[in-house]
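Make a model of the complete structure from these sequences and hints.
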Amino acid sequence: MTARACPTLTTERLILRETRLEDFEPSVALWSDEAVVRHISGTPSSRSESWGRLIRFPGLWALLGYGYWSVIERDTGRFVGQAGLADFKRDMTPSIEGVPEAGYVFSPDCHGKGYATEAMRAVMAWCDDVLEAERSCAIINPDNRASIRVAQKLGFDRSEAAQFAGKPVALFWRERSTD
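With this note's numbering applied, the sequence shown corresponds to residues 1117 to 1295, in that order.
Hints may contain errors.
The list that follows gives simulated cross-link-like pairs (lysine-lysine, BS3-like), each with its CA atoms no further than 27 Å apart [claimed, not checked]:
| id | residue 1 | residue 2 |
| --- | --- | --- |
| 1 | 1205 | 1269 |
| 2 | 1229 | 1269 |
| 3 | 1283 | 1205 |
| 4 | 1269 | 1283 |
Simulated DEER-style distance windows between Cβ atoms [as the list claims (entries may be wrong)]:
| id | residue 1 | residue 2 | range |
| --- | --- | --- | --- |
| 5 | 1174 | 1268 | 26 to 34 Å |
| 6 | 1205 | 1120 | 34 to 42 Å |
| 7 | 1250 | 1141 | 34 to 42 Å |
Since the hints were made in silico from the structure, they are not lab data.
Virtual Cβ for every residue (Gly too), placed ideally from N, Cα, C.
Written out as structure tokens, the structure is:
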């Protein structure tokens, strides 16, 4: 992969932009919310863990040429979540190393508004058009029905059960769209 600056993507209601220092406090609030992490880690993140995550995102762009965006509401300018693609070099079975992994997380007051689907449609269109990755994947807690519905709307198909961090996860695959 080649280094690439994080582009700004705009949808009807959202702006997906590079991670900024000003995103730190909203990110801490996001990742410390039990409703947000329930199906991800199960444990709220500390400020330190939130900081590590925040500074990781620009590094993904610098090293891989893809990464995560901060998601901002167009009407309010408010940080509402994070969405994007990564290769986190996860120690899991089966291995997904080298494959862009889609991920998204939104503030609880945004759940049910379609923001995840809207943001990730823009991300996956960018993935297809610019990154040109032949495949992408998503790992989702099998109990997270809302996230599974989002993945399916984006063209991800459940492929197989997998294990990550000693827990079962659902592994979804998506082939590149050339439409």
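Against the structure, the hints:
1. 1205 / 1269: The hint holds at about 26 Å.
2. 1229 / 1269: holds, 14 Å
3. 1283 / 1205: This hinted pair holds, its Cα atoms lying about 17 Å apart.
4. 1269 / 1283: Given that 27 Å is the threshold and the Cα spacing comes to 25 Å, the pair holds.
5. 1174 / 1268: 26 to 34 Å: Taking Cβ atoms as reference, residue 1174 and residue 1268 lie about 30 Å apart, which means the hint holds.
6. 1205 / 1120: 34 to 42 Å: Between residue 1205 and residue 1120, where Cβ atoms are some 19 Å apart, the hint is violated.
7. 1250 / 1141: 34 to 42 Å: With Cβ atoms ~38 Å apart, the hint holds.
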